[in-house]
Structures are given as C-alpha cells and as structure tokens.
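A.B. asks: Residues per chain, in single letters:
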Amino acid sequence: MKGLLIAALIGVFVYMFMPSCAFLADADDTLCHALAAAEGGLVNWPDDERWYTDPKGRCHVFDNIMMSPWWLSPDDRDYLERFGTAQGHNWGDLGRADMMTYDEKNFEVDTPLARTYNAYSNFVYSNLEGVDLDRGRSLGDFEYYDTFLKWSSAFVSQKTYRVNANCGRNCRTVGSHSCVIAKTTTGPFRNDYIDLYQTFYYDIDAVWRASTILHEVRHARDQVLHGGSTGCPRRSACDRSWSTAGANTYEMLWLAAYYWTAEDHPFITPARRARAQTLFETLRQGSFDDPVQWDLGSLALINEIPEFFVHQAVCSEDPNNPHRCLFLAN
Amino acid sequence: MRWFLPLFVCVLMGVATLRGSSVAEAPPVQEGGLLLRHLDTAMSQMDRGAGSREYRESLAFLRSHASEATAEVGGLLLEEGGGFGKWQLTYLVGEFGDESAIALLRLLADEPLPEPQPASEGRHEIDLAYTEEIASRVQAVMSTARIASLRPNLREQAVAELVATAREVPLVKSTALFELHRLLGPEFQTLRSYFGPEDAKHFVPFAPPPEWQALLLRRMQEHRRQEQQFQETRKPVCQSD
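Heads up: the protein sequence lines correspond to chains U and F, in order. Residue numbering for the first sequence follows the working numbering, beginning at 3 and increasing consecutively. Residue numbering for the second sequence follows the working numbering, beginning at 16 and increasing consecutively.
Don't read these hints as lab results, they were simulated from the structure. You may find that some hints are simply not true.
What follows is a list of derived Cβ distance ranges for each label pair [stated by the list, open to error]:
id, chain 1, residue 1, chain 2, residue 2, range
1, U, G94, F, L128, 41 to 47 Å
2, U, E106, F, V219, 49 to 55 Å
3, F, Q236, U, D292, 45 to 51 Å
4, U, A302, F, S79, 46 to 52 Å
5, F, E183, U, G94, 53 to 59 Å
6, F, A75, U, G177, 35 to 41 Å
7, F, G90, U, R242, 40 to 46 Å
8, F, E126, U, A40, 41 to 47 Å
9, F, P127, U, S231, 41 to 47 Å
These stretches of chain U come out as covered by chain F in the derived footprint (C-beta under 8 Å, 3 or more residues) [what the hints assert, rightly or not]:
id, segment
10, 158 to 167
11, 171 to 181
Here a beta-carbon is modelled for each residue, glycine too, at the ideal position from N, C-alpha and C.
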C-alpha cells in the first residue's frame, strides 16, 4: 500500500513537470511564432512544407506569382474574397496588409491569405469566364453552369458562410506529418464556418488546397459528414462509398473536372493537370470503405453534362432506408 | 474579363522573359553544378510550364543530358520519403524522356507502401507523407506513359512496362490502364486478354444513358464553339505584345 502511494506521488510529480501536449503542439506552430516575432509589422513568413526536410529548399507548391492573376487586379481579389474570406476571422493577422509580398528567391507569394487566394484561383481561372462568372444563380441552372467547373465555383461560393484563418499547425505531434488541414464546424441554429490551418498554406500545393476547400464546403451548408468506418487509410475522414456523395466524392469530381479541360488551357498547366490526376487517385485509393469502381476515364464527360454526375436518385428499395445516392452509383 | 486573363498571361510571359535572362546568362561552373541548377529551375518553374522561358530552357538542357539527369534524380527518388518534392521529381523524370527512367519508375511503383499513421479519435487528420507516397507511385506510372508519348522509339518498351505494372501492382492498376487507354486509343482493346473478368470494366467505355445523349451532343458543340471563340480572342491579344 505504501509502495503504491509512493508510486502515485512520483507519478503526480513527474506529470506536473512534464510538458503538456498543448505545449508540444505550440512548438510546431511556426506561423504563430512568426506572427508573434513580427517587428514593426514585418512578418518573416514560413517556408514551404514544415514536415518535409529539404535542405536545398527546392520545394515550390504552385504559388508562383506569375500564376496568380489576382495579383494585378483589385477586382479579381474582391471576387476571390467573396468566396468566404471577407467574412472570415484573423485574416488581418495572416496577411491582409502584405498579401502582395512574395519570396524574392523563388517568386512565390508567401502570406497565408495570398496562398488561400491561390487555392480559390483554381475555381475561378479554370473557367474561361474567370471573374465574369455569375456565382449567384440557382445551382439547378445547368444551362448556365454547363460545366462541372462552373457549377463547382458557384457551389463553393453559395455553400460557404465564413472561412477563418488559423495560425496553428494542428498536427498530431511536433514534426508529425499527420495533420488536420482544415476543419468545418456546422450544425442546426448556427452559421457554419471553415478553419484553415498552417498545413493548408504551407504544406500542400495550390491544387490540393482547392480540392480541400470543395471537400470542406460539402461538410458546411450541406452538412454531409464522413460516414465511413475508419477502415480506409484516411481513417476518420473515410466515406462509406462513392454513392453517398460525401465530401470525398465531391472532391474527386472536382479534380476530375479540373483534369478534363482543354490541353492548351491558359491556367491549367500540364503539371497542375498531372497533380490533379494523382490527387484524384490518392482519394480513390484511400478515402472510401468500399472500393470505388469509377476511374478518371469514367468522368471524361463531367464538363459536358455536369447535371448527370451530380444527380441523386433513390438508391434503395428498402422503405426503412430510402437513401438517395449519386446517379453514378457504385 | 474574357480578354483579361490571356492578356495577363501574355504580359507575365514578357516579364518572365526579362527576369529569366539573368538565369540564362549566369556562367556555367561545371557540368554537374549546371545540371543541378537546371533541375532546381525546372522544379521551381514547372507550375508555369511552357509559359516560362526558364522552364523551357532548363527542360531543353535536361533533355539533352537525359541520362545524367535521370541518374541524378534516381538517387534522390529512391531515398526520399513522401513529399511534394518527390512527386515533382517523379513528374520531371517523365519529361526528360530517357530510356533508363522506365526501369527507375517501375522500381518506384513497386516500392512497398508504408503504413499510414494511426489517426487520433475523431480528428480528421490526413497523413501527408502517406498521401504523397501514393501520389509519387501514381505519378511514376503517368511518367512512364509520358516517355512513351515523347519518344516513339521507346513506346513499345514503355507500353510493355505499363501492362506489366497493371497486372502486378494493384495500387496503380487503374492508373496504368487509364494511361494505356490514352496512349493506345482503340488498340487498347487488344490488351483485354491480358486481364481477368474483374478488370472488364476498364475496357467498356463509359457512356451516359441514351436519354442524356441529345443534351450531351448539344453541349459538346456549344463548348467547342466557346473554346474556338476564346482562342480567337486570345490570339490577337498575345500577338499585340
């Protein structure tokens, strides 16, 4: 009994002086530290990929200033803001004042806000209409939104209430590569909002950032949450199947639409197209409990008849479980 | 707005040309250093693709030294853990178009995949390294197909490797079959005998039900017309610069 008491006391003593998990997580929040260390309003924005050691600093995650058409146009920036960052919190700290800065070594925009613009740029400039696309029409108006890319731009705009900036890294432990990229909070009697974390701005490329936004938006106003069993590699972000039309399905649909654009597209360069194809396949392999039978070839017509691909039909004859699923059922 | 984006791209190409001149004029120190420098430039400019003069020049250099460039990248590829940089290198190996890359890319596709990190309860964490490991293997298959389209004399060898990969590496089977379909066109059907009934779906072209066909035809015509119109608008804007 006495031994147990001593062991318990030692345990309490060790616990008191042990760094907490929160403390360990803070050590990884490079962006938060950069903000805290700013002098005279000048922030030394972090470099790319905190979890991936590249001593030569060769990593460039698709943020070249030449690929950021919004940089020269206040109208374009205004259009991008109205996807949800205009209503969002913390963007003042995360680059609103100096979003026009860039890293002089590699000509990449370096603030979290600018990198978020680059994510949304993939929705805007993948359409030939660019910022002339009217995002306010009914999502059922497929005569106007006659490609999936146009429809998804309106979908993201209409289904987002607020997008917040967060300087935290939100990974499992210091240096971990298992991270929350973005998180959506939703529910009855509340305005939904999306929080973006450090990983979103600095660990992943601009195409992945865009598909992540579409993924989160499906969680937001539509409130379609992950229903998988955590049996797939993405664990708690698994969906049961393609047909449930969840966030992973929508993300894949957008990546396929991005891929199936004209080869001489002025914004979607071959590297971006290839990236979309690989991200499509990583989701296909790792984010569903039931294997997805559709591949990129199955979605070749997604920019011709988008309504066919998003149409949902009654998918069960069971009166106790009359769920609807995507027309392209799996 | 219709004219703004092409104008912007044209103006930036001009700016890039001016900025790029300092890279092109820098004195070469030694072949190895020059190769690495072009590799760095290709990685930093690959997002812009042919719109970047630096990228075009570096890629031309790397293609003219394709064997050395592939050997240089090969060591890095097989050593590095999953990351965006690894994906970029895998993409570029395909662009070099060297014969030795076919075997290298197959090695990469064959590498055993690490286990994803277990996620915390209820947190929607993504294992970034694991995701990038899959992405690199998928890209390895795509890059093999790219070599086949860049180098007609290597096409047969690359196609044979893609067929073998599709049969032997389940993780990338779908990508290999998709790339084979793109490469071979109607000839793809001749590969059917190499695969079992479970793969039959890859050989049946997907078509929406008949009731969608009329709408599909109308949309396709309309989209071709819009693209043509856009190209015609873009051409004079670009030429004016």
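A.B. asks: Now, for every hint given, state plainly whether the structure supports it.
C.D. replies: Evaluated hints:
1. U:G94 / F:L128: 41 to 47 Å: 42 Å, holds
2. U:E106 / F:V219: 49 to 55 Å: 53 Å, holds
3. F:Q236 / U:D292: 45 to 51 Å: 37 Å, violated
4. U:A302 / F:S79: 46 to 52 Å: Taking Cβ atoms as reference, A302 of chain U and S79 of chain F lie about 35 Å apart, which means the hint is violated.
5. F:E183 / U:G94: 53 to 59 Å: Given range 53 to 59 Å: holds, Cβ gap about 54 Å.
6. F:A75 / U:G177: 35 to 41 Å: 39 Å, holds
7. F:G90 / U:R242: 40 to 46 Å: Roughly 42 Å apart at Cβ, these two residues keep to the hinted range, so it holds.
8. F:E126 / U:A40: 41 to 47 Å: Hint holds: Cβ distance 43 Å, inside 41 to 47 Å.
9. F:P127 / U:S231: 41 to 47 Å: 25 Å, violated
10. 158 to 167: Three-residue rule not met by the segment 158 to 167 of chain U, so violated; n is 0.
11. 171 to 181: holds (count 6)
Going through the hint list in order, the structure does not satisfy hints 3, 4, 9, 10.
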